[in-house]
Amino acid sequence: MYFDTNEDHIMMRKMVRDFAEAEVAPGAEERDEKEEFPLELWKKCGELGLTGIVFPEEYGGVGADYTSYAITIEELSRVDASLGVTISAHTSLGSNPIYKFGTEEQKQKYLVPLATGEKMAAFGLTESMAGSDASATRTTAVKDGNEYVINGSKIFITNGYYADTYIVTAQMDKSKGHRGIAAFIVEKGTPGFSFGKKEKKMGIRSSATYELVFEDVRVPAENLLGEEGQGFKIALTTLDYGRIGIAAQALGIAQGAFDQALKYAKERVQFGKPISQFQAIQFKLADMETQITAARLMVYKACELATAGKPVSQAAAMAKVFAAEVANYVTKEAVQIFGGYGYTREYPVERMMRDAKITEIYEGTSEIQRVVIANNILKD
Amino acid sequence: MNIVVVIKQTFDTEAKIVLKDGQIDPTGVSLVINPYDEFAIEEALRIQKKFGGEVTVVSCGGPRSQEAIRTALAMGCDKGVQIDETALESVDEYVRAEVLAKAISQMPYDIILGGRIAVDDGSSQVAVRLAEALNIPSVSSVIKLEIENNVATATREIDGGTEIIEVPLPAVITAQKGLNEPRYPTMPGIMKAKKKELKVINPADLGVSGISAKMKVQNYSLPTPRQGGKKITGEPAEAVRELARLLREEAKVL
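Those sequence lines, one after another, are chains E and D.
The opening residue of the first sequence carries number 1 in our numbering; numbering runs sequentially from there.
The opening residue of the second sequence carries number 1 in our numbering; numbering runs sequentially from there.
Hints are computed from structural coordinates only; laboratory data are not their basis.
As the structure is a computational prediction, the values presented were derived from the model and not from experiment.
A couple of the hints might just be wrong.
Claimed, not checked - Covered stretches of chain D (in silico footprint by chain E; criterion: 3 or more residues with CB under 8 Å from a CB of chain E, positions within the stretch not fixed):
1. 66-75
2. 187-196
To be verified - In the DSS-like style, the derived pairs of lysine-lysine whose C-alpha atoms are separated by at most 25 Å in a straight line are:
3. E:Lys266 / D:Lys20
4. E:Lys263 / D:Lys16
5. D:Lys79 / E:Lys14
6. E:Lys273 / D:Lys230
7. D:Lys194 / E:Lys44
8. D:Lys199 / D:Lys49
9. D:Lys49 / E:Lys43
Beta carbons: idealized from backbone N, C-alpha and C, even for Gly.
Same shape as in the complex, but just chain E (with noise of 0.2 Å):
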């Protein structure tokens, strides 16, 4: 274990890195202002060959490792952190589910197009009762004949409205508690599966964040996921793996609000030279620097993991709590290196200090990471 790149990721970096840099950053302020959703961007990701990275080949992805999973969400991140969320969701929540518990039908049918970028995918898992709790779901299944009929609403689904395919978890069983719970394959466009609020966010705001609203929808029971019962260890697992997108998000907006900082402190001059020859602006260079150089360990350690198929929980919570605090403390100190003009929209800072405050909170808060951690320790 190195933690370490290849010629490859190198590779990999330079080239979503001139993407990002010629096509994403230009319109970032923009979209974020509009809250417009990157759909133009989404398809070029997919012509890329970034919306199916970490699936084999014969399901229409890359087959790459989670290295080059992670250093495209941080690259993409580093200047538009909506659309490093909008990828990440899409791969890690969306469609990994399908490739980690599908059967081969439902690989060749909804994972093909998932990984070619074809199409788009979402996971819904929170509910208005049921955050951190995840067990608590409220929305319910029940099996009809060769059907199963959901029923409910979840809240807070990234992707929402623009995915084609949603992973939807559903209790079967109430009396079974979080064994009752099953995981569903929903396509958009199945009779009374529509659409609630849109989500009017501090941050990230070019991603979509909408409700799903679920009324007598009918599945075929073919699109069970894994089984009945499975739903929440499903969800679990594509916890555990998303994390590493968000850690990689986390350490993208970090890298990206560290070198807009830099920049500026070599540019701007005040008591005659520029702020950068301040030991007090030097010394918030050096923090930054070493913790955002910690997070990219901590993440790429995870990934190394994730590839080698052994087991992330611990690792992906490690990384995603510490990438994530790492972010909020690098972008509120960029803004401070920026001082007045950094509490404008001029500059990225102000954006990137309002998309940090996301990573602490989904895909599992600060504090459930801090259970998860605590209960890897602690187990036996």
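Based on these hints, arrange chain D on the given structure of chain E.
Frame of chain E, contents of chain D only:
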């Protein structure tokens, strides 16, 4: 159609040039495919899409030039050839053109593409010399290229306008900005690139041993740093008089 693209690995255009012991110091500098050569690669891939055949990318350079060749393979080129110039006694445009010509003459080619200039030394010589050495025509600074019945119709930039030239193939064409928009390598392309053939050729095996540069660099110097602007203050009439004086006496443009 067999297409050959000659590329050069150059400093990133944003790299800071540092002289060390009178030489350009490459330490820590990120290297890229010469941007004009990217247009040539893109054009090669478009020609291949239309006519089929194989795209071979050739570069004369040190071990790091393999990164540039791999990137071209990731963009979609089929095969790569690195001519290891560290084995040469001395290198200049003449030497590069000669070894490239020797290497390329041993492979099938219908068209050879390159950039119109390399952004590092900016000599614009190698591709044209290569055409001379192979005894085939060349058209430089091409912004539009059409091929039909083994004839290339190339629109090239000339001072104040454009010129349309027809040449029979095989020919050397050098790409100017505007010819096309180079594609990015794709993720699957990067994964496949490492499985593609990349042949390393020792110039001695081409039968060009003993060749040495005709040109010797005497000295490198950095451009003088740009002076700050001058602000002329005072009454408008007086300021204009002062400006006219400076333009005449200091800038010598009037």
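Taking the hints in turn, this is what the structure says about them:
| no. | hint | in the structure |
| --- | --- | --- |
| 1 | 66-75 | holds (count 4) |
| 2 | 187-196 | holds (count 7) |
| 3 | E:Lys266 / D:Lys20 | holds, 24 Å |
| 4 | E:Lys263 / D:Lys16 | holds, 15 Å |
| 5 | D:Lys79 / E:Lys14 | holds, 21 Å |
| 6 | E:Lys273 / D:Lys230 | holds, 20 Å |
| 7 | D:Lys194 / E:Lys44 | holds, 24 Å |
| 8 | D:Lys199 / D:Lys49 | holds, 24 Å |
| 9 | D:Lys49 / E:Lys43 | holds, 22 Å |
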